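Starting from the known structure of chain A, arrange chain B on it as the hints suggest.
Listed below, chain by chain, are the residues.
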Amino acid sequence: MSIELKRIEEQSMSASGTGFWKIIGAAALVLTLAAPARAAVEIQEVTTDSGITAWLVEDYTIPMIAINFSFNGGSNQDPAGKGGLVNLMSGLFDEGAGDLEANEFQEALDNAGAEMSFNATSDALYGSMRLLSDNKDEALDLLALAVNEPRFDADPVERIRQQVLTGIRANSRDPQRQGNQQFARALYGDHPYARENDGTEEDVTALTVDDLRGAHERLLAKSNLHVAVVGAIDAETLKADLDRMFDALPQDAELTEIARIEPKLGEEVSYEFQLPQSTVQLIYPGMERDDPEFFAAYLMNHILGGGTFSSRLFNEVREIRGLTYGIGSWLANRDFSTSLAISTSTRSDQVGQALEVIETEVTKLADEGPTADELEKAKTYVIGAYAINNLDSSASIARTLLELQRDDLGIDYIDTRVGQIEAVTLDQVKAAAQRLLIADPSVLVIGPQASETETSN
Amino acid sequence: MHLMQAAARTLASTAIGLALLAGPALAQDASPAEAGNEVVDFKLDNGLEVVVIPDRRAPVVTHMLWIKVGSADEEPGKSGIAHFLEHLMFKGTEAHPQGEFSARIAEVGGRENAFTSYDYTAYFQQVAPEHLEEMMEFESDRLTGLVLTDEVVDPERQVVIEERNSRIETRPNSILGESLNATLYQNSGYGVPIIGWMHEIEKLNREDAIEFYQRYYAPNNAILVVAGDVDAQDVRALAEEYYGPIPANPELGERTRTQEPLQRTARTVTFNDERVTVPGYSKTWLVPSYTTADEGEAESLDLLAEILGGGMRSRLYQSLVVEQGIASSAGAYYRGTSLNETAFGVYGAPRGDATLEDVERAADAEIVKIAEDGITQDELEAAKNRYLRSIIFARDDQSGMANMYGSALTTGSTVRDIEEWPDRIRAVEADDIKAAAARYLDRSRAVTGYLLPPEEEPS
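Order-wise, the sequence lines are chains A and B. My numbering runs 2 ahead of the 1-based position in the first sequence. My numbering runs 889 ahead of the 1-based position in the second sequence.
For the record, the hints were derived by calculation from the structure and aren't laboratory data. Predicted, not measured: the structure shown is a model, and the values here were computed from it. Cβ atoms here follow ideal geometry from the backbone N, Cα and C, with glycine treated the same way. Please note: incorrect hints may appear among the correct ones.
[What the hints assert, rightly or not] Label pairs and their calculated CB-CB ranges: (1) Glu1140(B) <-> Gln436(A): 46 to 52 angstroms; (2) Ala1271(B) <-> Glu160(A): 23 to 29 angstroms; (3) Gly83(A) <-> Gln1213(B): 30 to 36 angstroms; (4) Asp155(A) <-> Ala1254(B): 23 to 29 angstroms; (5) Ile322(A) <-> Arg1146(B): 35 to 41 angstroms; (6) Gln184(A) <-> Ala1271(B): 42 to 48 angstroms; (7) Thr1166(B) <-> Glu219(A): 31 to 37 angstroms; (8) His1088(B) <-> Gly412(A): 56 to 62 angstroms; (9) Asp429(A) <-> Thr1303(B): 55 to 61 angstroms.
Chain A on its own, in the form it takes in the complex:
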């Protein structure tokens, strides 16, 4: 309760909201060494006659159902001059649908005892609902209306637009947001990943109801839909409900092709602002999710700066030297780009020292690789942590199953990943460290006289 001070802050994950789940998705599955055969989740694939597929985990412990779904193609589908379109649309699904105006819709949703939310990342439009199983039909009827027949009435469009614009203005002098934006432009040039999902003040002001209707028609279809359901519902019932929610959608989405892009390396961005503490980010090349060496890179990253109190960076930068409160590294796998990122913050006069320690550790890992003991421990962690990080509630299981589908990892992934991780050799991890960490990284420093402190790169 109240403001709590955590010992470690969750590592913030890149500009994209999907980043987080990509990483987790990459991490893998359940089962600790000692507890073998106990499957944490039993996933069924449910396909309707009309061809809509969902992954389902039946669980009747709690009388609730969690549904998560996504349409591939998020803000990266914003047309030129219409930045923020998909983001604005994501704010309007619960603002009136079918015959129900905004207020009526929300009242009906509240009465149905359900909670609905939509959000857009650069790669996908996400929706979710959690509902009490006693009121399933009322709740799903409303979800179906929201997905298929959003009204985009003038009043709510204006209201949500103004809220978005207020947000853009509120960020306009925030050094963290501005610095990160400048860094994204340096890394991605004119690729959609260089843009903010919210759009610009100018673009958002000019968006029209026709733009919203057009985006709704193009982007919500069966061809780019993924669905995950967890809770008190069986496969046959779910089939009918899937049709109820999604069968009226067009078969094929009209998606603009997005080019693959690797972040530019060797860039230095300094965003100068008088702050007692500077933030630092380094970007290295990443590893594709379907690369055979993916788990080697994943384990290598875990050893370097993964989410425990035992990583090399945590130990050297925080534990021994007290230079920071938070430091970590992660593989950021987006639909059209990958990278390995390291991030920390430190007193502004120590930035040079922190960068030096980080680069020493990076170079050491690239040159020598990890020890056999480190690799063994990393494997047991990465295997065991999957259930705790990804499968500890219906809501998190649903989110995880959705990302597994988006990553095309297969319904048996949770079972197969253990073997994939165990099979990684020390040489493979060394090779992965060589492949990713030899590069000259791009560096962002936000803080006072950033250009002078950033010497060690």
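Same frame as chain A, now just chain B:
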């Protein structure tokens, strides 16, 4: 999103914490088939209270040790010691030198952390059930076996200073919030930041930490919460084995706190900062907590916060954001889970041509409306239903459940209070809400914080 609004949002969402508490009573309501999932609590001979919350859905267990001490228990001049000690608790014992516990947790794929608040400090691990025993062995050892040297204390002080830089010094809304609290609370420890004032953190040392540790860290001042894939009888046996032998601290006295005096003044706190482009405000009142309130009053304040500003169906949102179109955000919160008198707050930010003054005036008017005219029966039922369903949804989150029991029990509530909470919410009447608003949300005693762009006066 506005900075202050974001902060207020966070508070608002945690404020509903107690609302999410669930218990056997609810389990019966929701699903009678759940025998074996009842919450069980018992006490060891040395005074350690143990709460077991079974949830057999996934092979995961959450092991939490809650110490009934927080930042509001600190001596004057030693602000931040509760939190600093929490960091230092990771520095090892004679049996398990520095890093061994964390390394072992990482090795088995577990998750760990710790946190400090005004009224409690908690340590937790999430692991597969077969590792629960080992976690108990480590945690019980750390409860009284901590070893500290200047060599590990000094760099950790730097870490905490960096933490304060991250959380407070670089964030305009945090700087304002800290000052707002110091103004709202005139005599209790809640006016001092949990992390401590910078100039006092800088002087904290090993002796301060050890003294605080020896005074407060004892089984008779702690609560063990175990949630997840466990059997209550197994947990009892393990708790007896590992925590049972630790002697109680006979010198542990009553938990006493300085209380707030009668507050009679309106106060304002203003922070102008060049990073701020959209202004915001937050108005707070001193109100009773679940622990200090008369019967039913805290429940009324919870429902008042929900009806006034709990979300998109609330009066503030509907009136200011939707109908009048003058605010980009507006809401209310109540921090009821608290040992001493606590805060009720309202916040908002303007949009379009509207000014911050317009938003504040309109929010004040909504409060007066409730205080004078009351609320409708429909509003009350809808708010109650939202709370009651949130209890069902809360059961989906094992560590969330452990948090709710731990925070309630360290702030003076009992397991029975938690079990009866849904019934007490059901018992609140419309007139109770009106009375709570009239009694507590008096503008002449409010403390208001303004976050403004450079060179702008509060309205």
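Hint check results:
no., hint, result
1, Glu1140(B) <-> Gln436(A): 46 to 52 angstroms, "59 angstroms, violated"
2, Ala1271(B) <-> Glu160(A): 23 to 29 angstroms, "26 angstroms, holds"
3, Gly83(A) <-> Gln1213(B): 30 to 36 angstroms, "32 angstroms, holds"
4, Asp155(A) <-> Ala1254(B): 23 to 29 angstroms, "27 angstroms, holds"
5, Ile322(A) <-> Arg1146(B): 35 to 41 angstroms, "38 angstroms, holds"
6, Gln184(A) <-> Ala1271(B): 42 to 48 angstroms, "46 angstroms, holds"
7, Thr1166(B) <-> Glu219(A): 31 to 37 angstroms, "35 angstroms, holds"
8, His1088(B) <-> Gly412(A): 56 to 62 angstroms, "57 angstroms, holds"
9, Asp429(A) <-> Thr1303(B): 55 to 61 angstroms, "58 angstroms, holds"
Checked against the numbered hints given earlier, the structure breaks only hint 1 and satisfies all the rest.
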